[in-house]
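**Student:** Using the sequences provided together with the hints, build the complete structure.
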Amino acid sequence: MGVLVLCVALAACSPGDEPSPGAEQGLLRIGMIPDAGATQAAADDKRLLQEMLASRLGRPVEVIVTTNYAATVEALGNGSVDIAYLGGLTFVRAHNAFGAVPLVQRDIDRAFHSAFIARRESGIDGLDDLAGRSMCFGDVNSTSGHLMPRFELDEAGVGETLGPARNTGSHPATAAAVASGACDAGVLDETVWAKLVADGAIDPQEVAVFHTSAPFADYVWAARPGVPAADRESFSRALLELRRGRDDAVLDVLRGDRYVRANAGDYAAVEATARKLKLL
Amino acid sequence: MLGALFSPDLSPAYLAALAGPIAETLALTLAAVSVAVVAGTLLALASALDAWPGRMLTSVGTALRAVPDLTLAVLCVVLFGLGAGAALVALALYYTASAAKAFAGLLAAVPRAPVRALAGTGAGGAVQALWGLLPLAAPQMTAYGTFVFECAFRAAVVVGAVGGGGIGAELVGSLAAFDLPRASTCIIVTVALALLLERGALFVRMHPRAIAALLALGLALAIAWWPRILPGDHGLRAASGLAAPYLPAEQWRALPRLLAETFAMAAGATLLAAVLALPLAFACSRTASAPALRLISRIGAAVLRAMPEAVWALVLVLWLGIGPAVGAAALFLHSLGALVRLFADTIDAAEPTARRAVLRTGAGRATAALYGALPLAAGALGTHAAFRFDWNLRMATVLGLIGAGGIGQELYEAQQLMHYGELSAWLLVTAAMLIGTERAVAALTGAWRKRVGVEPTRDWLTAPPGFEVRTRHRARFSSIHAAAVPSAPSR
Amino acid sequence: MLHVEQLTLAAAEGAPPLLRGASLTLSAGEALAITGPSGAGKTTLLRAIAGEIAPRAGRILLHGRPTASLVGRERAAIGFVAQAHDLVEPLRTDRNVLAGALGRWSAARALRVFLWPNREEEAMAEDALAAVGLSGAGRRRTASLSGGERQRVAIARALVQAPHLLLADEPVASLDPVAAQRTLDLLTSLARERGMGLICTLHQPDLAARHFDRVLRLTSAGLLP
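Protein chains in written order, with this note's numbering: chain A, 1 to 280; chain B, 1 to 491; chain C, 1 to 225.
By construction, these hints were calculated from the structure, which means they are not laboratory data.
Computed from a predicted model, the values in this text were never measured in an experiment.
Positions of the beta carbon are idealized from the N, C-alpha and C atoms, including for glycine.
Among the hints, a few may not be true.
[Unchecked claim] Partial list, computed: chain B residues near chain C (C-beta under 7 angstroms):
(1) A354
(2) T361
(3) T367
(4) G372
(5) I435
**Tutor:** So this is what it looks like as structure tokens:
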């Protein structure tokens, strides 16, 4: 009897009979890097995005948040997802490896910033104070959480003198590590920082931004080359048509106000930096 | 903030949302174990009957077992894409290798007269196996299979987190997103499931028919889920990168430090766990402890060991930050739970006459176990601790994947950066380290066995790592122990 | 000191009784031998006297109390030297001997003695070993001793326990004749010196007659002089 119940439960979630990705008007699989953490069952906010896309594209959409950045790139490369939300560095990686096609991005992504944070009582007020202090970065493939801050630290001449450094895996994890004292300082995506403060997850009286990075190009939605041009275009349009005042719920999930078309050429600086730091 | 961990999100909506991931993890475990049991049996039979591919495939399996299951899963995501399929392949491969080795040992211990008699009648190899070998080894193979199921469940939780599914992905995601109430719900669910499976394993062992049904269901699931070999050149590019292992000079220089970090993590955790497990084992023991104390300590140990090491590490990151200390603490907590149970069962299973004699002097139960059972069990306890070290070293490389330092972290970063040549170099280093340690531990325990010279408990001495013993089934299990790792000592 | 009244005993539930309506008394310092062929129920009788087997009928009283009611520390009043002498073989000899005192010690002291016995406790073990002629054997591993030596270690443990009643089940069964003589001499003289009641089971009537104050034969008809 128990076996029977299990059988039914499993039949309900077996993906065996799903259409293959990219099939005409079939399921569209969307991959997302876990820039703000990844859950499937609990992803109420991701459900909003999934519903919006499904209704605008007129086909079933599945949003998959992977547990790390690289997995999204691999998934886009081997066809487990059709379109992916990538960071700057992960986009360069996917573009170089298998020709991922840039689609759209938030206006803020063209000139994005990293927020360097520390506990107020730590006495860290600028990059110079980081010598010998421990530092938390996000995922090793994160542009705002690892690549660009690393570069900026090197430019400021503290890259060599930095104390122990670790990759926490996500932006919220970096904030938690700093708040709990596990790291003296940390660096993360400015929009995730703003959201953590707004949601009350972090007390700005205890942890504060002591430095904001120079601007760089970051997050972008990209398709694998096998996705038909028409599908890419309808996806792009769905995001480009989002408006404040009308689509606030979805825009809040995406932590943005307005979408613009993206261009692979904008990532030349990110690529050059990544090569310098041997991350490519 | 941490208080939130103690206020789980038990809202019906969330619990309902978890049903899918829970079913997925259970189904993944069942499918992988079914494939492993069936394929492992075939391999072991081929090897026992000296059929051609048996021995060769078994040695391939030995190499495979040296790659921790989570690492295999990471590789499978590269080659087979995201989703349950990749995790299924990884778990099935890893546990097929384990089962083939254990089953081959069990079959080797079966008396050969029936097979020779069948061969005399002119029966073919398959008939010999079906009539002469399998029936004799079946009870032990069943016991081992259910044990593998428990291990595979814990692995499936962790592997799911990489492969992109199941309760593990949910748990890792909640922790990373600071959703502590939901993370603690996932932890409670994981622990409860692990405890239920321990009970279920006992039930299944008593009811062989349930096994047939479960195997059929598992194989059906595996077929439904088996990943397509993905078209396109991505997997090919990854594979060709892996075929050319390469380490840059600075990594070579860091190698001794990384090895030391990994070893220190495993050794520190094992040592502390073994030392603390000894008194706690007395509290858990059926022969030494009072019922109330026993119940409390048994539950405590069960909870400690129900949480996979990697999940402990993720939770401890909130307290201890990141680095080898978290890894060591996570290994310590899980090992403590496992060793307490193992030590208690070993002490309870010691030859009872000596303990009875001590009881006759008017000694209390705990004192009688201390004087009358512990000395007899000492050799076995030492061996259990040694094998736990072997296991913890394996897990230390896995914990690197979540930022605990050592070899594992380098391996993980190479994979994350898609530096496939470096990735395969680190895989080779890991495999060499694990195989070398396995041999060294086997040689050491062999020497220790000779020195301690405890013949009555000899059959405990070859327990495979993590093989948890139930006294109720001691007769069966002890023969497994004797047989499961026959080739472990260095030849 | 020991009163056995109208005892009826069976080896197992439903089995025919080995013994029907047997009675005996034993006073302090008295050495009694019980002889009989193998399988007559000598071990069962000793275990019943020790309170480990409930009699089908009758009473077994030590100082007026049923022996079965002696639990925990009170059990120290009855010493038992089993046929297989039940020593903890991987343990050092002195720890085996000191195990006799566990009924008097707290768990904490038992743990400390197990790890680090002090001078007083070492002397206690040495005295008992000297009494059985094994002076200086305390530091040896019990497993390295001969059968006769192990038998004497078991007796030394019983001495440390200082019971009122010492039961010895076939203490010389596995010993050569010289060692057997010496062991029986040792047991009976210790019983007299220390005022212990002693009951030994033996299957050699000649040895019994030579060493013991009193000999009873266990037969299907009961305990006969």
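**Student:** The structure should be examined with respect to each hint, and the outcome stated for every one.
**Tutor:** Comparing the hints with the structure gives:
{"no.": "1", "hint": "A354", "in the structure": "holds (4 angstroms)"}
{"no.": "2", "hint": "T361", "in the structure": "holds (5 angstroms)"}
{"no.": "3", "hint": "T367", "in the structure": "holds (4 angstroms)"}
{"no.": "4", "hint": "G372", "in the structure": "holds (5 angstroms)"}
{"no.": "5", "hint": "I435", "in the structure": "violated (32 angstroms)"}
When the structure is compared with the earlier hints, a violation turns up for hint 5 alone.
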